[in-house]
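Trainee: So you can see what is in the structure, the chains are spelled out below.
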Amino acid sequence: MVAGGCLFTRTPLALVRETLRQRRSGLTLSRNLMCTEGDLMMAAGAAQRVVTAWMSIGLPWGVSKVMRHYVESGQVALEEWSHLAFGLRFRAAGMGVPFLPALTMLGSDLMGVAGTKTIQDPYTGETLAAIPALFPDVALLHVSRADRFGNCQIDGYPHMDVDMARAATTVIVTTEELVTEEEIRRRPDRTLIPGFLVDALVLQPFGAYPHEVWGRYHADFEHFAAYTADVDARGVSVALSDYLARYVHAPATFEDYLELFGGQRLRRAQDAARELVPGI
Amino acid sequence: MSTVTPAELLAVMGSRQLRDDTTVFAGVGVPLLAAALAQQRHAPKLTMVIEGGIIGPQIRPGRLPVSTNEMRAAHRAQMLPGITDTFLFAQRGFLDYGFMGGAQIDQHGNINTSVVGGDYWKPKVRLPGTGGANDIASLCREVIILTPHERRRFVPRVDFVTSPAWLAGDGSRRRAGLLFGGVSRVVTTLGVFGFDPDSRRMRVEALHPGVSLDRVRAETGFDLLTAPEVGVTEPPTDDELEMLRALDPERRFLG
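Protein sequence lines correspond, in order, to chains A and B.
Read in order, the letters of the first sequence correspond to residues 1 to 280 in the working numbering.
Read in order, the letters of the second sequence correspond to residues 1001 to 1255 in the working numbering.
If you are wondering where the hints come from, they were derived from the structure by calculation, not from laboratory data.
Take these hints with a grain of salt, some might be off.
To be verified - Only pairs whose alpha carbons sit at most 25 Å apart, straight line, appear in this in silico SDA-like list of lysine to any residue: (1) K1045(B) with A1103(B); (2) K1124(B) with H1042(B); (3) K65(A) with R1152(B); (4) K65(A) with Y247(A); (5) K65(A) with A114(A); (6) K65(A) with I1055(B); (7) K1045(B) with I1055(B); (8) K117(A) with R1152(B); (9) K65(A) with F1089(B); (10) K1122(B) with L27(A); (11) K65(A) with G1117(B); (12) K1122(B) with A77(A); (13) K1124(B) with R234(A); (14) K1122(B) with P98(A); (15) K65(A) with K1045(B); (16) K65(A) with A1103(B); (17) K1122(B) with R234(A); (18) K1122(B) with Y247(A); (19) K1124(B) with P98(A); (20) K1124(B) with A245(A); (21) K117(A) with R1157(B); (22) K1122(B) with F1089(B); (23) K1122(B) with T253(A); (24) K1124(B) with R267(A); (25) K65(A) with F196(A); (26) K117(A) with P98(A); (27) K1122(B) with H223(A); (28) K65(A) with V1125(B); (29) K65(A) with E255(A); (30) K1122(B) with A245(A).
What the hints assert, rightly or not - Partner residues are not named here, just some residues of chain B that face chain A (Cβ under 10 Å, in silico): (31) V1125; (32) L1178; (33) V1230; (34) V1232; (35) T1233.
Stated by the list, open to error - If you want the footprint, here are the derived chain B segments under chain A, 3+ residues with CB under 8 Å: (36) 1036-1044; (37) 1069-1076; (38) 1096-1109; (39) 1112-1121; (40) 1182-1191.
All C-beta atoms, glycine included, are put in the ideal place defined by N, C-alpha and C.
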């Protein structure tokens, strides 16, 4: 399974939350930079392997103690790729080729993590890294707007979602906004993912919260601070099992989940985003 | 001049390494502050490039991003090309500088931000990982490392080469297939370091005012070479410090 966005931006959290509610296990989760969704997938026992370039929330919150707990104990395998190599794995798969030659990761110990091979350029004999394609079974993506045919537009950073959508066997998308077919046809230049790539589309405003979506709502840094403080105070097992109970399993619907944060807080996040990126 | 924090010293000394009309791949925190300071002072045509997929952003004082891919990092940016394509600009050779920090660094400039001790799959300490650091180290034409100088960080050989500099020296970087680049400078809280052109072992090029060579050697876990002439850096000026502090009034990164 691969999750789109990057770190705490455009994370398909409503879909990750549903994956956790279904008590899935034994999954391999890929994401270029992993954040709290990775913590939750590890703590719930849903992911036994993660494929990533970097994992934690961000500089002010320190190294993820949840990631350290599960990886250092050997319970979860962390397969590390450079950020570009990670992107090229999906670019290759999205192009339908088995690998792409690249000049990155060469000579580093990252080559040995997943047995990345080198090849000789058949024309010049130069050494290149052969970055293998990654074809995920399922891609979970969260976009800005889509029509009922699954044509998707993403405002702001495209990250790696387009390659992920092309690479995956099944693509499940949540969208902040459902627009008419006419709206998409009026601005086709903004469409990044064509509907024929998308298997299922769900309208889910605030579908990335407490992470952020470009021009719509800012990430909830206070929530991150409270979360890491609780992990520091009570330890990984207790803090995460309570978090999963409160935010994943107790609320029956996503609206109930958002109620835990409250309307005032969501409006504040919207105001902060509109101030940073006016006019969406 | 008021007391200078280690982060301020690194940002000022780092900013002086950047020439005008160039491109720099900068991580968040001190590297981004150093690039922004250079842009404001002596390099107005410097183009910053950020890992989240951002070309040409400007820094809004007091609104420094904490991640490379949040909305705040794109302030007044010129282009948002996506992450893979942003790194491909570097692979094609368009990035003059890479600006990085480092958890553990060795005598050939290689950096470890992955695992310390134990087995890779069950390490004693698991660090966040490379992110784009390996790509910056592999693909920028010149890499500058900004790091506090501590003996535990400066080790003879890193436990794991996350980001390659000169590998084992003596041409091993080129033999691995890396066509260009490599670490040119390591800017620390004690001085400015470079590498011997042949062996590619780290050498002292300049010391910050009041720092002795003995102190640097005591804080370094391997034998340091010295450049033919070891200089003394100019301390941060009031002007530089004032501009830098205005960028981070909440002192989120300046300490």
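Trainee: Hints first: check each against the structure and report whether it holds.
Mentor: Hint check:
no.	hint	verdict
1	K1045(B) with A1103(B)	31 Å, violated
2	K1124(B) with H1042(B)	44 Å, violated
3	K65(A) with R1152(B)	22 Å, holds
4	K65(A) with Y247(A)	19 Å, holds
5	K65(A) with A114(A)	24 Å, holds
6	K65(A) with I1055(B)	32 Å, violated
7	K1045(B) with I1055(B)	13 Å, holds
8	K117(A) with R1152(B)	33 Å, violated
9	K65(A) with F1089(B)	34 Å, violated
10	K1122(B) with L27(A)	19 Å, holds
11	K65(A) with G1117(B)	17 Å, holds
12	K1122(B) with A77(A)	8 Å, holds
13	K1124(B) with R234(A)	22 Å, holds
14	K1122(B) with P98(A)	30 Å, violated
15	K65(A) with K1045(B)	41 Å, violated
16	K65(A) with A1103(B)	17 Å, holds
17	K1122(B) with R234(A)	24 Å, holds
18	K1122(B) with Y247(A)	30 Å, violated
19	K1124(B) with P98(A)	35 Å, violated
20	K1124(B) with A245(A)	30 Å, violated
21	K117(A) with R1157(B)	24 Å, holds
22	K1122(B) with F1089(B)	35 Å, violated
23	K1122(B) with T253(A)	38 Å, violated
24	K1124(B) with R267(A)	43 Å, violated
25	K65(A) with F196(A)	40 Å, violated
26	K117(A) with P98(A)	13 Å, holds
27	K1122(B) with H223(A)	30 Å, violated
28	K65(A) with V1125(B)	11 Å, holds
29	K65(A) with E255(A)	29 Å, violated
30	K1122(B) with A245(A)	28 Å, violated
31	V1125	7 Å, holds
32	L1178	5 Å, holds
33	V1230	30 Å, violated
34	V1232	32 Å, violated
35	T1233	27 Å, violated
36	1036-1044	violated (count 0)
37	1069-1076	holds (count 6)
38	1096-1109	violated (count 0)
39	1112-1121	holds (count 4)
40	1182-1191	violated (count 0)
In summary, the numbered hints that this structure violates are 1, 2, 6, 8, 9, 14, 15, 18, 19, 20, 22, 23, 24, 25, 27, 29, 30, 33, 34, 35, 36, 38 and 40.
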